Amino acid sequence: MTRHFLNTQDWTRAELDAVLAQAARFKRSPAGDALKGKSIALVFFNPSLRTRTSFELGAFQLGGHAVVLQPGKDAWPIEFDLGTVMDGEAEEHIAEVARVLGRYVDMIGVRAFPKFVDWSLDRQDRVLQGFARHSPVPVINMETITHPCQELAHVMALQERFGTTDPGSSPGQALRGKKYVLTWTYHPKALNTAVANSALTIATRMGLDVTLLCPTPEYVLDERYMDWAAKNAAESGGTLQVSHDIDSAYSGADIVYAKSWGALPYFGNWEAEKPIRDRFRHFIVDEAKMAKTNDGVFSHCLPLRRNVKATDAVMDSPNCIAIDEAENRLHVQKAVMAALCAPELGAGG
Amino acid sequence: MTRHFLNTQDWTRAELDAVLAQAARFKRSPAGDALKGKSIALVFFNPSLRTRTSFELGAFQLGGHAVVLQPGKDAWPIEFDLGTVMDGEAEEHIAEVARVLGRYVDMIGVRAFPKFVDWSLDRQDRVLQGFARHSPVPVINMETITHPCQELAHVMALQERFGTTDPGSSPGQALRGKKYVLTWTYHPKALNTAVANSALTIATRMGLDVTLLCPTPEYVLDERYMDWAAKNAAESGGTLQVSHDIDSAYSGADIVYAKSWGALPYFGNWEAEKPIRDRFRHFIVDEAKMAKTNDGVFSHCLPLRRNVKATDAVMDSPNCIAIDEAENRLHVQKAVMAALCAPELGAGG
Amino acid sequence: MTRHFLNTQDWTRAELDAVLAQAARFKRSPAGDALKGKSIALVFFNPSLRTRTSFELGAFQLGGHAVVLQPGKDAWPIEFDLGTVMDGEAEEHIAEVARVLGRYVDMIGVRAFPKFVDWSLDRQDRVLQGFARHSPVPVINMETITHPCQELAHVMALQERFGTTDPGSSPGQALRGKKYVLTWTYHPKALNTAVANSALTIATRMGLDVTLLCPTPEYVLDERYMDWAAKNAAESGGTLQVSHDIDSAYSGADIVYAKSWGALPYFGNWEAEKPIRDRFRHFIVDEAKMAKTNDGVFSHCLPLRRNVKATDAVMDSPNCIAIDEAENRLHVQKAVMAALCAPELGAGG
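Sequences listed follow chains A, B and C, in order.
1 is the number of the first residue of the first sequence in my numbering; add one for each residue after it.
1 is the number of the first residue of the second sequence in my numbering; add one for each residue after it.
1 is the number of the first residue of the third sequence in my numbering; add one for each residue after it.
Next comes chain A alone, as it looks inside the complex (with noise of 0.2 Å):
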């Protein structure tokens, strides 16, 4: 069966950190030629600035090429369900896009947000879901209803500061017991829950003491990702809470991660929410509420508005690692690259 990168839950702890590992030295050393003559091709059905060019020079460098392309733009837009009466607007079946593009490509990313009408649709991940069916060439989520890209450049920027990348130790140790606050932030549009769902999953499985720091319990994330973070933190020795008190949840915090998104049961129905979320303005990432921390760093996945979500001291200062954690995008995923199409790298299942 294809090896795919759809989720972080669905590879190991031990190959999560080959792939950390890999990314480390491809850090200090960005030339290779593991994806010599090779290619993949990035489907984005949303805009993109770090993940386009990220991928897009991270095969470069290793060797490879990169085709771009746009759905529904400048490309046909795709159906993704089984046995449809194709005659709507959809030109070509996934069916065929994906054994196409495998003939072509070696590996195949995908973006594709949620169309934020139905969650009971956009939680099955159906166009990721499609292409990993389909697709005869590893598949990579390039972020939709998760970002498992994002999370690996989040961890690797944690393990920089709190400790070592270093190959012979175990990056995991550095992190366990520490304090990290995923606090929900306020933006003037309901956003996506990927980056949510993805900080919550990868904190817990590296063992950190994790509050889901929110206005109201309408805020908490999907069961199936709540579930993840209740049996990674069972199993890595971590914690997980839920807290609605700005001031418990950033006390002696050692990491703030920043993310808005819009509450799940007013999905669709974002009009109804709008009140709700114009009321938690003050969740915004500021010096007071860091002072609080424990000297803690803070994080976010970008793109940022600058003073809504987080204050420009907060983003200047030297605490803020959310520029590594972009930089970081780069070498995970050519690890994640290398991984899935030079295993012989070691850096991959």
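It cannot be assumed that every hint is accurate.
Pairs involving identical chains hold if they fit within one copy or between any two copies, as the list cannot separate such chains.
[Claimed, not checked] No more than 27 Å apart at the CA atoms, straight line, and that leaves these computed lysine-lysine pairs for DSS-like:
(1) 231 with 179
(2) 115 with 73
(3) 189 with 73
(4) 179 with 292
FYI, nobody ran anything at the bench for these hints, they're computed from the structure.
Just so we're clear, the structure is a prediction, and the values are computed from it rather than from any experiment.
Given the coordinates of chain A, work out where chains B and C should sit on it, guided by the hints.
Frame of chain A, contents of chains B and C only:
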């Protein structure tokens, strides 16, 4: 004079056979340096998935580089008529675009679908012809009112199924005398006749016994292509006939190639054609029709609307070679580029 | 401090001459490895044909790779002001965009035309300046309110026509004392003054006897560029004058460079300017005007509307060097990238 690849009809049979033989070699051994340091501009006036990906990767695999341009989208709109006062939308003239690109790149690929308003204009193929007239470097047709790259990929897939692509033998022999049905199918929109024109052209060229199956005489193709086909059949020892009878057309067929297109007498007047077209939804390629064939293979150029043009069962059958044909786009286009740019490979005129 | 290429005016004459000499070497011998493993982000806020193609190919020919980004189209819209509460359209801040890109790539090219609403804002060039302020890697102006890459390509084409680009001699000598006319031409829309600002800047820098020909004093350029030009002429031994008289301006000219632009006093109020502009359609460059010159060469930066800015006869004349100038974009930009990224080549500061 600069050698272009605008239509297979402009190339001798020996040249086409050499390109197909080179394509077979590239399929066995994809990497090379025939285009080392060389480049191609891919000028898309319309969307693309396969063409874009296969040309871009083909250039990469041979050491070259493709630049993708979309005039009117991320480049400037272009004027194609000579002698006009350019006070409309177009910001520059093909005379400059083609000559400037020709200073930068070694080849120019052009995709320019008909505008679907006036066939007497569209049949002049003026975007492609404008590039060919003004460009100092070879121009490749990436689908305008014909689709010669698709023709080669199609023939290559047929040769793989029915015979040999061994350069020592005559691949054309393998197809001679086979019954080939080009069938019109329903589609909710009136589509380009390019692939139909091309299928008719190349099938007759290869000595097949060709039946053009379409609902009514109004769906017969433009006389230019009907004339090419008649001439080709006469020269190659094949045959050409038009049929409106599904049963007799499918009966004993070795090859069924499907395509939808708009009826030329209603060109630009599609509302009038729509009720006519809607009466022929039963032209869909299904298992019952395929059962009448001589265990025939099925293909289509893609994109294809499942259960509109062909049923899931036909598409997912082992007799469907559409994915092979799509893959072959990569190989034949590499061979065309090499023939135009590195003729010492022996693949071109 | 990071070295950028924002304007030729920031570089010494010796540095510009070195870049031009390197460009001439690249024209004779295009392949190289000055950018081996290196990369450039090409950030386009506006369309492009030549700039995009020539930068992308230039990077490729020197062993590097260009990533093309279009913020607000396939990337996120960007905020450029400091200290703002980002609750509008922009999803991220230039501080993050520039710093993150600077972690991925070795150079950043920026195209950002004026917004054409308020010249007092546009003349701050804040997109380019924002990148330059925040980027840790060199930033290259790909046309904002000036177009320095075009300047170098223009001068290179003039040196090729009038003298020598041999690095042993002084190419500037070849142009000194030639009569250079920068003529405004009609265009149905009010256009950017960037190329006009740039032509004035570089022509005076090179010691030419420069006449700015425009319909009325309202079409004189911004004082920043008029001041640069006056200072340059004083230093280089050239001259600068403004003329509204077509006959005397063309009389004896060695070089005619055409460009259309909007009159600054009507900036953003184009409906008021339109009837004025419409009275000057006769500024078109035609054979009668060129006959008054000293067998002068003609050029334009392209795109050009034929028979609006210049007639077919002028464009197709052997004295037209616009295609050479466009080709030179490739060579000079390679030299600029090499100067910024591989200064050991000797082409830059």
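Taking the hints in turn, this is what the structure says about them:
no.	hint	verdict
1	231 with 179	within (18 Å within a copy, 62 Å between copies)
2	115 with 73	both (16 Å within a copy, 18 Å between copies)
3	189 with 73	both (23 Å within a copy, 19 Å between copies)
4	179 with 292	within (13 Å within a copy, 70 Å between copies)
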